[in-house]
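Required output: the full structure, derived from the provided sequences and hints.
Listed below are the residues making up each chain.
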Amino acid sequence: DVKVTQSSRYLVKRTGEKVFLECVQDMDHENMFWYRQDPGLGLRLIYFSYDVKMKEKGDIPEGYSVSREKKERFSLILESASTNQTSMYLCASSHERGFTGELFFGEGSRLTVL
Amino acid sequence: DAKTTQPPSMDCAEGRAANLPCNHSTISGNEYVYWYRQIHSQGPQYIIHGLKNNETNEMASLIITEDRKSSTLILPHATLRDTAVYYCIVRTLMDSNYQLIWGAGTKLIIKP
Chain A
11 DVKVTQSSRY LVKRTGEKVF LECVQDMDHE NMFWYRQDPG LGLRLIYFSY
61 DVKMKEKGDI PEGYSVSREK KERFSLILES ASTNQTSMYL CASSHERGFT
111 GELFFGEGSR LTVL
Chain B
-9 DAKTTQPPSM DCAEGRAANL PCNHSTISGN EYVYWYRQIH SQGPQYIIHG
41 LKNNETNEMA SLIITEDRKS STLILPHATL RDTAVYYCIV RTLMDSNYQL
91 IWGAGTKLII KP
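Listed in order, the protein sequences are those of chains A and B.
For our numbering, count along the first sequence from 1 and bump the result up by 10.
Going by our numbering, 73 is the number at position 83 of the second sequence; the sequence numbering is gapless.
Keep in mind that a hint or two might mislead.
If you want a taste of the chain A side facing chain B, the calculated C-beta under 8 Å gives, among others [stated by the list, open to error]: (1) GLY50; (2) LEU55; (3) LEU100; (4) GLY108; (5) PHE109; (6) THR110; (7) GLU112; (8) LEU113; (9) PHE115; (10) GLY116; (11) GLU117; (12) GLY118.
List of simulated lysine-lysine pairs, DSSO-like, C-alpha gap at most 30 Å [what the hints assert, rightly or not]: (13) LYS97(B) with LYS13(A); (14) LYS23(A) with LYS67(A); (15) LYS80(A) with LYS65(A); (16) LYS(-7)(B) with LYS65(A); (17) LYS13(A) with LYS65(A); (18) LYS28(A) with LYS63(A); (19) LYS59(B) with LYS97(B); (20) LYS81(A) with LYS67(A); (21) LYS(-7)(B) with LYS67(A).
Think of the hints as simulated: they come from the structure by calculation, not from any bench.
Treat the numbers as computed from the prediction; the structure is a model and nothing was measured.
Quick reminder that beta carbons are idealized off the backbone N, C-alpha and C, glycines included.
Written out as structure tokens, the structure is:
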């Protein structure tokens, strides 16, 4: 079975801190994604990557950056965390490009920024 | 904005079929309908997807109307573990890239 592992289930950070959220997948998938999920808003795409060292902006990239140095690892970075970035963050991977196939999600990282 | 409309919540008795409706009246001819579900405190899980024809797998059946303006996800024998938020999503072409635009979903509660 595909496994997508997110490094932390729960984090509490202070305003202005730099935050790293790590995601690793074990199925050699080309495509990886970062979403945030807020009540009543569904999932919103932050960034995605179709290949190593490649990244594309999603719907809400402001305040975030990403890094994909290895195929299996996709990191989300909050350079200076703010309270409005308090959210659930979900990482996903897929084999097919262009959202044509199944997305496999991690269990999520719940970030609280104080 | 999401291209789908779903009821915010539904109940179903354990052992009965759960039928979850979804409206997607503005869907285009080449846009697929996807269904995912999210059990509390977990990431979303893929269920099924389709374009025109009805689809069935080990988890569920997807019935798409002939005009493609709506669809129904059917869980044939619901169990308590099927309690989750179910998302109906249209895969949409935006800025030369396909995307999944997620709505708020339907909270399905299976009652004993």
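Going down the list of hints, with the structure as the test:
At a threshold of 8 Å, the smallest CB-CB gap from GLY50(A) to chain B is about 6 Å, leaving the interface hint in force. The closest approach between the C-beta of LEU55(A) and any C-beta of chain B is roughly 7 Å, which is under the 8 Å cut-off, so the hint is satisfied. Restraint check, LEU100(A) versus chain B: the minimum CB separation of about 5 Å is within 8 Å; hint holds. The beta carbon of GLY108(A) is positioned within 8 Å of a beta carbon in chain B (closest approach about 4 Å), and the interface hint is therefore held.
The criterion of a C-beta within 8 Å of any C-beta in chain B is met by PHE109(A), whose closest approach is roughly 5 Å, and the hint holds. Evaluation of the THR110(A) hint against chain B yields a held restraint, the C-beta minimum of about 7 Å falling below 8 Å. The criterion of a C-beta within 8 Å of any C-beta in chain B is met by GLU112(A), whose closest approach is roughly 4 Å, and the hint holds. Satisfaction of the interface hint for LEU113(A) is found here, the shortest Cβ-Cβ separation to chain B being roughly 6 Å, below the 8 Å cut-off.
Evaluation of the PHE115(A) hint against chain B yields a held restraint, the C-beta minimum of about 3 Å falling below 8 Å. A distance limit of 8 Å between C-beta atoms decides the matter here; for GLY116(A) the minimum to chain B is near 5 Å, and the interface restraint holds. At its closest, the beta carbon of GLU117(A) sits 5 Å from a beta carbon of chain B; the interface hint therefore holds under the 8 Å criterion. With a cut of 8 Å, the hint placing GLY118(A) at the interface with chain B holds, because the nearest CB-to-CB distance is about 5 Å.
Taken as a hint, the LYS97(B) and LYS13(A) pair is honoured in the structure, with Cα atoms around 25 Å apart against an allowance of 30 Å. The hinted pair formed by LYS23(A) and LYS67(A) meets the criterion: a straight-line CA distance of about 24 Å does not exceed 30 Å. For the given pair, LYS80(A) sits about 12 Å from LYS65(A) by alpha-carbon distance, which is consistent with the 30 Å threshold. The suggested pairing of LYS(-7)(B) with LYS65(A) holds, with an alpha-carbon distance near 26 Å, which does not exceed 30 Å.
About 22 Å separates the Cα atoms of LYS13(A) and LYS65(A), which keeps this hinted pair within 30 Å; it holds. A threshold of 30 Å between alpha carbons decides the hint, and for LYS28(A) with LYS63(A) the separation of about 21 Å falls inside it, so the pair holds. Taking the CA atoms of LYS59(B) and LYS97(B), the gap is near 22 Å; set against the 30 Å cutoff, the hint holds. Between the alpha carbons of LYS81(A) and LYS67(A) the distance comes to roughly 18 Å, so the proposed pair stays at or under 30 Å and holds.
Restraint check: the Cα-Cα separation between LYS(-7)(B) and LYS67(A) comes to about 21 Å, which is no more than 30 Å; the hinted pair holds.
When the structure is compared with the earlier hints, no violation turns up for any of them.
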